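Undergrad: Chains as they are written, first to last, in my numbering: chain A, 1 to 335; chain B, 1 to 335; chain C, 1 to 335; chain D, 1 to 335.
It is worth saying that the hints were derived from the structure and are not from the lab.
The model shown is predicted, which means the values in this text are computed figures rather than measured ones.
Just to be clear, a hint being listed does not mean it is correct.
Because identical chains share one entry, a pair is satisfied inside a single copy or across any pair of copies.
[Stated by the list, open to error] With a straight-line Cα cutoff of 27 Å, these simulated BS3-like cross-link-like pairs (lysine-lysine) come out:
{"no.": "1", "residue 1": "K274", "residue 2": "K187"}
{"no.": "2", "residue 1": "K163", "residue 2": "K217"}
{"no.": "3", "residue 1": "K163", "residue 2": "K274"}
{"no.": "4", "residue 1": "K163", "residue 2": "K294"}
{"no.": "5", "residue 1": "K274", "residue 2": "K165"}
{"no.": "6", "residue 1": "K187", "residue 2": "K294"}
{"no.": "7", "residue 1": "K121", "residue 2": "K294"}
{"no.": "8", "residue 1": "K217", "residue 2": "K266"}
{"no.": "9", "residue 1": "K274", "residue 2": "K294"}
{"no.": "10", "residue 1": "K274", "residue 2": "K217"}
{"no.": "11", "residue 1": "K217", "residue 2": "K165"}
{"no.": "12", "residue 1": "K294", "residue 2": "K266"}
{"no.": "13", "residue 1": "K121", "residue 2": "K274"}
{"no.": "14", "residue 1": "K165", "residue 2": "K266"}
{"no.": "15", "residue 1": "K163", "residue 2": "K121"}
4 protein chains.
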Amino acid sequence: MLRQDFASDNTHGAAPEALDALVAANAGAVDSYGEDGYCARAADLIRGLLDADAEVRFVASGTAANAISLAALCRPFERVLAHAEAHVAVAETGAPNAFGHGLTIRGLPGASARIDSEALKAVLAEPEHAHAQPPAALSLTQATEYGAVYGLDHLRRLTAAAKAKGLGVHMDGARLANAIAAGFDPKAIPGLGVDLLVVGGTKAGMTPTEALVIFDKALARRFDARLKNAGQLPSKSRFYAAPWIGMLESGAYQRHAAHANAMARKLAAECGLKALHPVESNGLFAELSPERHKRLTDAGWLAFRCDDGSVRFMCAWATTEAVVEELAAAIRATA
Amino acid sequence: MLRQDFASDNTHGAAPEALDALVAANAGAVDSYGEDGYCARAADLIRGLLDADAEVRFVASGTAANAISLAALCRPFERVLAHAEAHVAVAETGAPNAFGHGLTIRGLPGASARIDSEALKAVLAEPEHAHAQPPAALSLTQATEYGAVYGLDHLRRLTAAAKAKGLGVHMDGARLANAIAAGFDPKAIPGLGVDLLVVGGTKAGMTPTEALVIFDKALARRFDARLKNAGQLPSKSRFYAAPWIGMLESGAYQRHAAHANAMARKLAAECGLKALHPVESNGLFAELSPERHKRLTDAGWLAFRCDDGSVRFMCAWATTEAVVEELAAAIRATA
Amino acid sequence: MLRQDFASDNTHGAAPEALDALVAANAGAVDSYGEDGYCARAADLIRGLLDADAEVRFVASGTAANAISLAALCRPFERVLAHAEAHVAVAETGAPNAFGHGLTIRGLPGASARIDSEALKAVLAEPEHAHAQPPAALSLTQATEYGAVYGLDHLRRLTAAAKAKGLGVHMDGARLANAIAAGFDPKAIPGLGVDLLVVGGTKAGMTPTEALVIFDKALARRFDARLKNAGQLPSKSRFYAAPWIGMLESGAYQRHAAHANAMARKLAAECGLKALHPVESNGLFAELSPERHKRLTDAGWLAFRCDDGSVRFMCAWATTEAVVEELAAAIRATA
Amino acid sequence: MLRQDFASDNTHGAAPEALDALVAANAGAVDSYGEDGYCARAADLIRGLLDADAEVRFVASGTAANAISLAALCRPFERVLAHAEAHVAVAETGAPNAFGHGLTIRGLPGASARIDSEALKAVLAEPEHAHAQPPAALSLTQATEYGAVYGLDHLRRLTAAAKAKGLGVHMDGARLANAIAAGFDPKAIPGLGVDLLVVGGTKAGMTPTEALVIFDKALARRFDARLKNAGQLPSKSRFYAAPWIGMLESGAYQRHAAHANAMARKLAAECGLKALHPVESNGLFAELSPERHKRLTDAGWLAFRCDDGSVRFMCAWATTEAVVEELAAAIRATA
């Protein structure tokens with residue numbers, strides 16, 4: 001059995017603040033299907049985090065939340081623009097395409113999975129015709145799949161270009177907490193023109209839950225029917241809301257993310273490998289030869305090689321300094 | 001705020017056995033996406049319950065599990081046969097149709113939401129042509145949406161007729177625990193020719209989780225990809241498996257269901273209303289005039305009127321004798 | 001081999017005016033995909049027929065045109081309201097559901113397949129919730145599947161009720177020519193609030209072609225991409241446009257429909273059967289016992305029994321007085 | 001108005017043999033929906049062409065026929081392998097993805113749009129996991145989108161590799177006639193393991209019609225329902241079958257294709273441009289600078305620049321030697 005500590009940020013359980021809140025929410029008979037007081041309170045907290053008068057829903061799956069969002073923004077004869085390495089493009093087994101009934105995703109280039117603004121503009125400038133799907137939505141990931149964090153100006157250039165062409169904007173915030181901990185201001189999101197935002201709870205250290213934020217009021221109409229139709233209107237919704245209360249009220253949401261980020265930096269500093277992407281959030285994407293990778297596996301550590309050739313080490317709320325040091329030593333020993 | 005105690009069996013939290021197991025499963029870094037030891041152990045327990053060598057997956061949503069099942073058994077130019085009052089037909093906002101890309105559901109008659117065998121046979125005997133969707137799957141609910149429990153002979157007649165025509169068989173067991181507590185033997189399910197079974201955890205007293213059992217080995221191929229594509233391959237899968245371990249190992253799964261059934265019978269006996277359906281599982285579907293219903297609401301109790309005119313009172317693992325007596329008195333007071 | 005003369009109005013070939021125009025359009029190299037001059041001219045003629053500044057497209061299939069229309073008006077978590085006997089509901093093998101990715105159709109009552117206004121209003125007055133698909137589109141058929149023709153006031157009541165609730169309106173005009181010949185003014189359609197209209201060419205006596213009229217300018221955006229995505233953007237589009245030119249410029253479109261209607265009335269008058277629906281367009285739906293129906297079949301005539309028990313005899317542009325008399329005599333001989 | 005003669009092979013009308021047969025099929029009342037004698041006879045002729053006991057259907061659209069085929073071979077959580085420049089991948093506005101409910105297409109490399117065998121084998125050797133769509137179908141185009149014709153050995157390598165991994169095989173034969181005229185033996189297709197073949201009628205010089213050939217008997221079950229559901233079960237089906245009768249019985253199908261191929265070779269020989277792809281069927285893909293391209297456009301000739309930078313000139317049954325000489329001179333004059 002290989003050690004899962006750095007395999008992903010979803011191999012860890014829930015942080016105490018999340019789990020305690022879940023347990024505390026267990027008592028009594030309450031409304032179901034999102035109508036309970038826990039959902040109301042958690043939604044308020046997320047609106048506070050974003051400083052936005054937006055609709056908020058709690059769902060079980062980030063893949064589903066992304067797919068539902070893209071399906072809401074893009075019709076089957078249209079196309080989503082996303083980074084070529086985006087989770088929605090390469091790691092969701094076609095969920096956005098299926099929920100979107102055949103929409104396709106066009107991959108854009110850009111270092112460290114940040115979309116290059118000029119590449120986006122070039123695609124948006126292409127003439128439209130009936131024989132190919134024109135772009136209808138832009139999907140951004142913050143922090144990115146390679147651990148980078150978009151700067152606000154970069155995001156503004158991207159969303160302004162998209163909005164100018166009438167595209168909807170989706171943000172996959174599976175690791176938004178880590179981006180926030182890295183300095184990204186979540187209160188800037190509404191002003192960017194994001195229509196639908198998925199805020200990750202699971203990777204942030206909760207039991208399974210994701211928050212889906214609907215900034216566009218027109219999109220919010222019949223959203224519960226949309227969710228139910230997609231199998232994402234939980235009956236015992238309190239269990240998807242409560243962890244948010246525990247994490248946001250206590251500040252643990254940002255605190256744990258900051259810790260995870262710090263652990264990634266510590267690992268980068270101590271393991272002796274060359275980082276192939278900036279270590280701006282909770283992952284280290286490092287250069288590691290197949291031979292050394294095998295030795296690390298033989299030593300009992302699981303780590304995945306990414307499409308770009310880098311080997312990924314993810315840190316989480318539960319990652320201790322001790323285990324980072326243990327892994328760093330194991331990596332050094334493969335040299 | 002109306003009291004939710006009898007509004008549904010999903011207004012209650014999780015039973016201690018489920019919640020304790022969830023908390024116990026929190027520690028450490030483990031595999032994700034169903035590869036963890038909790039999923040393996042819970043799947044074994046469900047195989048034991050059914051005495052079947054079947055594949056088992058844990059998902060977040062019963063609606064999704066039903067929809068995925070029907071989509072696996074039926075193509076868009078085909079049709080599902082289900083009771084006209086089945087949950088898949090009337091209470092899932094088209095999820096089976098959407099996951100099934102346009103499959104439709106043909107409603108069959110039958111008392112208390114049990115499909116009438118002769119009605120099924122008559123539909124199966126209809127000649128097939130290209131201008132209407134022919135039936136490809138039969139969907140059964142055990143216990144039914146009106147609280148009835150199918151007898152084994154009844155199920156055999158239905159599934160034999162379906163199988164003889166090449167149909168796949170899906171069983172929605174959102175309240176299978178209550179059917180088992182009422183005397184239905186789950187070990188009979190494999191012999192019935194059921195291809196896909198959804199075993200409800202949520203309504204049985206767990207945090208959100210449903211077990212999807214795949215009896216047909218051919219259907220099991222690429223099922224994880226199917227689940228991921230449908231947004232139902234949870235990353236922190238341990239949290240969907242653990243409650244099953246707690247409930248099945250302790251016997252609480254059946255014990256709580258038996259209690260819920262007993263509470264429904266007690267309510268039926270004490271409230272003075274005429275039951276419009278047999279009280280065989282955990283719900284009472286009673287005759288209650290709009291005037292009396294309003295008085296009950298005014299007294300603070302939430303209860304829904306069903307499509308057939310009956311008013312539904314659902315009991316659950318957490319329903320106490322005291323609250324049953326309290327409601328029974330409140331109902332009597334509306335007379 | 002049974003005689004197909006009255007089996008449907010699509011068992012006949014094309015009228016000379018349509019076929020001649022098709023042959024005349026064959027010469028030379030012209031634009032494809034709807035960009036040719038034939039499409040432009042035919043679209044102008046249809047705009048003239050309807051007195052409307054609408055977008056017009058020519059497609060191969062009425063089933064596809066209906067399905068595309070409903071998919072444009074209704075999302076998968078929403079529902080179409082149509083007569084329970086509407087072609088879209090019972091004779092298109094789920095095409096609207098598939099093109100609409102799971103939208104469902106709720107059947108409404110009404111004599112002779114005309115939707116009852118009060119029934120529509122009652123459905124529209126139902127409260128909306130997240131657990132069932134709310135209505136988003138109304139689908140009307142003119143002339144109806146049972147040969148009736150809606151009066152303008154009736155249509156106004158229906159569309160006004162739908163529009164007041166924000167529904168889109170689709171009209172299936174597979175036999176619009178016959179309705180026009182019966183006195184319905186096509187220039188009234190735009191004022192009714194119809195968003196998408198399918199005008200039947202095939203049943204009106206053309207080679208396969210249907211006109212899809214888009215009154216709503218917002219819906220017209222990217223409609224060619226929508227059609228291509230749906231397999232309904234013909235390359236050699238001239239062949240779908242030319243028959244319309246031949247039929248509309250010559251007046252044959254209305255003249256042939258009037259003839260077909262007259263033949264249905266003649267058959268009704270001479271065959272001795274009781275008409276179960278008003279003979280207002282080109283079909284007779286008659287009372288005929290299974291015994292007499294069998295005798296008619298044995299005598300070599302094909303006629304279908306409808307879901308409501310009536311036996312259908314369809315007339316077309318090519319139906320001669322002689323063949324009507326021949327059939328009428330054959331029917332009388334079964335008595 | 002630009003001259004359309006070489007813009008595509010679908011800018012031309014129908015060959016006399018096709019049109020005459022269509023006109024001849026117009027008389028009388030016959031079965032509809034593919035049950036007529038014309039369909040039976042045309043299907044026999046296609047079976048003869050392929051020397052195969054296969055099911056044959058006639059549909060209106062090649063895009064739809066391809067999309068229906070891929071949807072039949074591939075589920076939404078699976079993927080089609082096709083050349084990166086294949087029509088299904090780049091020129092059908094997502095129709096395969098939409099008909100296939102979210103299936104995606106992975107583009108493979110290979111010169112002149114022929115899939116490279118080694119590249120296919122490499123993809124098929126990739127390990128499969130639940131987080132990406134595994135391949136389920138291989139789509140081949142014969143002749144290819146860049147005018148090349150696969151040799152039999154090449155096809156055997158591709159289909160053998162696909163079949164060994166359990167993939168279904170689709171062949172887009174929009175220009176199969178041109179491949180046959182170039183020496184490809186259509187009787188070899190069944191032995192290749194092709195499951196579904198689309199034989200192009202439209203580009204071969206017919207009025208709109210495509211033949212869909214179903215070699216796999218299991219796939220053939222309920223195929224008419226599948227077609228109806230997809231809007232591709234024509235009512236007046238005779239008009240889609242008749243052109244095949246006229247073209248195949250007379251040998252015009254191959255004769256016209258041979259002529260089109262010869263015209264492409266003549267153009268290549270006379271225009272003075274460098275061919276960027278082998279001129280093996282009816283298209284010339286030539287090197288032409290933007291400046292010269294503009295001059296050619298200014299001289300009145302429409303020609304499209306392809307994604308690979310080549311400028312495409314398509315010949316058809318109706319292309320005369322005179323017009324080839326006229327264009328060749330015009331091209332030379334741009335130098």
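Undergrad: Does each hint fit the structure? Answer for all of them.
TA: Here is what the structure says about each hint:
Within a single copy, K274 and K187 get their C-alpha atoms no closer than 34 Å, and across copies no closer than 57 Å, so neither meets the 27 Å cut-off. Proximity of K163 to K217 under the C-alpha cut-off of 27 Å is found in both arrangements, the shortest distances being 16 Å within a copy and 21 Å between copies. Taking CA atoms no more than 27 Å apart as the test, K163 paired with K274 passes in neither setting, with 38 Å inside one copy and 43 Å between copies. With identical chains, the CA atoms of K163 and K294 are never at most 27 Å apart, being 46 Å at best within one copy and 33 Å at best between copies.
With identical chains, the CA atoms of K274 and K165 are never at most 27 Å apart, being 40 Å at best within one copy and 39 Å at best between copies. Proximity of K187 to K294 under the C-alpha cut-off of 27 Å is found in neither arrangement, the shortest distances being 43 Å within a copy and 46 Å between copies. Only between protomers do K121 and K294 lie at most 27 Å apart by alpha-carbon distance; the minimum there is 25 Å, versus 42 Å within a single protomer. In this assembly of identical chains, K217 and K266 lie within 27 Å of each other by CA distance neither inside one copy nor across copies; the values are 43 Å within and 47 Å between.
In this assembly of identical chains, K274 and K294 lie within 27 Å of each other by CA distance solely inside one copy; the values are 17 Å within and 51 Å between copies. Taking the shortest Cα distances, K274 and K217 never come within 27 Å of each other, neither inside one copy (46 Å) nor across copies (46 Å). For a Cα distance limit of 27 Å, the shortest separation of K217 from K165 qualifies both inside one copy, at 20 Å, and across copies, at 18 Å. Proximity of K294 and K266 under a CA criterion of 27 Å is satisfied intra-copy only: 23 Å inside one chain copy versus 59 Å between copies.
Taking identical chains as interchangeable, the C-alpha atoms of K121 and K274 are never at most 27 Å apart, the minima being 32 Å within one chain and 33 Å between chains. Taking identical chains as interchangeable, the C-alpha atoms of K165 and K266 are never at most 27 Å apart, the minima being 42 Å within one chain and 45 Å between chains. In this assembly of identical chains, the alpha carbons of K163 and K121 lie at most 27 Å apart only when taken from the same copy (11 Å versus 40 Å across copies).
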